Amino acid sequence: MVKELFIGMAPGSVSQNAGYVAEKGWNAIYVGEEPPPPPPSGKFPWLWVGIGSAVAVAIRTHQIMKREKHS
Amino acid sequence: MSQIRIQSAITSPLQIDKSWNAINVSQAVGDMAFGSCQLIDETTDERWVARQGESSDWPINIPYGHLVGASFLCENSGDVPLDVFVYIALIDPDGITRAFDWNPRGTIPNRLNPGVGYYSNYIGGVQLDKNGLWVIYGRLEYDVA
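Residue numbers (my numbering), protein chains in the order written: chain U, 194 to 264; chain E, 16 to 160.
Don't read these hints as lab results, they were simulated from the structure. Since this is a predicted model, take the numbers as computed values, not measurements. We treat Cβ as the ideally placed atom computed from N, Cα and C, and that holds for glycine. Check before you lean on any hint, since a few could be wrong.
[As the list claims (entries may be wrong)] Under 10 angstroms between C-beta atoms, here's a sample of chain U residues computed to sit facing chain E: (1) Y213; (2) E216; (3) G218.
All chains, full assembly: derive it from the sequences and hints.
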């Protein structure tokens, strides 16, 4: 019985420093989705300022022309 | 027939024997246990801990782009002092190790007496730039001191 316990272990070769290993994994983080791409206005702010200004000028011009026609 | 019996009695004296199961010798076996694991969202400074043997709300849903870090606790749960080498890694959804810390064999081990715990080094500054499940991986290599 005792012999069976030591099968594979030659006398004197049994080391107290035989290495042991333990491993574990944690499912830690779930990342859902990528952030949406930035709107194009973020890239060309001067363009939208320009378009807005042009529209404002056009509306104002239209109003003035209307007023002149009536008068 | 009678001659044979006489001879047998002379050459084979009566015997009686007994044995006692007296001593049980076992080699000292080290045992390490994983304890809690700590996760930190460095972007918001939020912290979560998954304790061993307890249910947790892991995996934690963290937004894309945040920076995170982690560490874990281990403990000598055996009866003998151990020399422990600790490995920790953060692995992205594609199985790529994005950060790790390790004191391999050949370096100075962490000597832990029975019942003593030890925190792995902290790995941080990892940006979550992939969708999916990120895993914290711990590995302990240990020898009887």
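**Message:** Restraint: E216(U) near chain E, CB-CB cut 10 angstroms. Satisfied or not?
**Reply:** Since the shortest Cβ distance to chain E is 5 angstroms, the answer is holds.
**Restraint satisfaction for Y213(U) [CB to CB of chain E, less than 10 angstroms]** = The hint holds - Y213(U) has a Cβ within 10 angstroms of chain E, the shortest such distance being about 5 angstroms.
**Prompt:** Under the criterion of a CB-CB separation shorter than 10 angstroms, is G218(U) in contact with chain E as hinted?
**Reply:** With a minimum Cβ separation of about 5 angstroms from chain E (threshold 10 angstroms), the hint on G218(U) holds.
Consistency with the previously given hints is maintained throughout, with no hint failing.
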